[in-house]
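Visitor: Fit chain B to the supplied structure of chain A, relying on the hints for placement.
Protein sequence lines correspond, in order, to chains A and B.
Quick note: the first sequence, position 10, residue 10 per the working numbering, numbers continuous.
Quick note: the second sequence, position 126, residue 221 per the working numbering, numbers continuous.
None of these hints come from the bench; they were simulated from the model.
No false leads were mixed into what you were given.
List of simulated lysine to aspartate or glutamate pairs, EDC-like, C-alpha gap at most 16 Å:
hint: 1; chain 1: B; residue 1: K221; chain 2: A; residue 2: D18
hint: 2; chain 1: B; residue 1: K171; chain 2: B; residue 2: D187
hint: 3; chain 1: A; residue 1: K34; chain 2: B; residue 2: D187
hint: 4; chain 1: A; residue 1: K58; chain 2: A; residue 2: D29
hint: 5; chain 1: A; residue 1: K34; chain 2: A; residue 2: D55
hint: 6; chain 1: B; residue 1: K171; chain 2: B; residue 2: D236
hint: 7; chain 1: A; residue 1: K70; chain 2: A; residue 2: E25
hint: 8; chain 1: B; residue 1: K107; chain 2: B; residue 2: D209
hint: 9; chain 1: A; residue 1: K34; chain 2: B; residue 2: D236
Here's the letter readout for the chains.
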Amino acid sequence: MFELGISNVGSVNVMTSDKGGLTNEQVADLAVDKIVSISDEAPAHIRQQANQFRDHLKHVLYHYLLLARKEERGTIIQALQSNGHKEMAEYIRRL
Amino acid sequence: MAIAQAMCTSFKQELMLGTHNFATGGNAFKLALYAEGGGGKSSTTATLGAATTAYTTTGEIADSGSYAAGGGTLTKVAPATSGTTAFTDFADISFTTATITAMGALIYNDTNGDKAVAVLDFSSNKTSTSGTFTVQFPTADASNAIIRIA
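For reference, chain B alone in the conformation it holds in the complex:
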């Protein structure tokens, strides 16, 4: 599969190196959208997964409405713990008046060299036509949050 959901392996290492700061006032994280099957810019197809190390324009969707190259800035939910699990999350993000077909997304650290955090696989193509494209993040808890370390 060209886009496979994963926490990027490089991100796990970078956590140990203190590269990423999810605290309020910490690093800025962005979400970029990607297409499969030649739907991206210049008919490129995204290949994203655990081996992805940084943001790439290959396979990124074309600019439309409020979506511009690089994607949108995410609003962080401060890291927390519950039981033995640490987690962090983001607020939902929307791109408006946009014509978009995307199969997945990449969360990356816009402050620190565009280093990859996680790949999201939408399972199928999601399409908005002159409309709203919303990515809803899960509830910020130990069972559902987007990034969890147990």
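Here chain A stands alone, though its shape is the one from the complex:
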């Protein structure tokens, strides 16, 4: 008997949050996991470099996620203020 093929199911990650959406750090983790995968069989020095790159990438993504959320809140606050919802705008500004 010989085998013509092997079928596999990959592994998924599950990320959850309580009382609100995912944090910036969780979203950065999701993005980094999608961009960088490091083989367990890679030589140690390659794994080390890849891990450093991964940490750097996460830091950069985290920074820009913070910025993106801040900028979007700014846009929403402006829209609320210009439509007379000043209290709501202030509430969102404090988030």
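Guide: Here is chain B on its own, set in the frame of chain A:
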């Protein structure tokens, strides 16, 4: 184990019968979440594995937030090849403002009789409380994609 990760045996046969079409514009696939230990609807416990042939409500989690019975529709990544491996994948899926405890999931073909594709085992209970429950699929390549045939 009540939920065991597997590519469903019926799915392997159905591939040979041309039942499933993962191409853009092909069939619609969904992901349903399941609980163990009486956490599902009507205190039912899911039993899912290679022998699962179709979507079932037994052990499916209760509706909450954006999660409704049957689960969410998956966005397909068109099948591709790399070397001698063919693979397909899906975009990550999230259920928001939801209180969910799930131990695993079933991917099934919503277009073709809810036929089972694969069972995903989360290894432990994953819980969101009035929050987001995200299932992140692996990178779509020959080594990691969710469905691979080598």
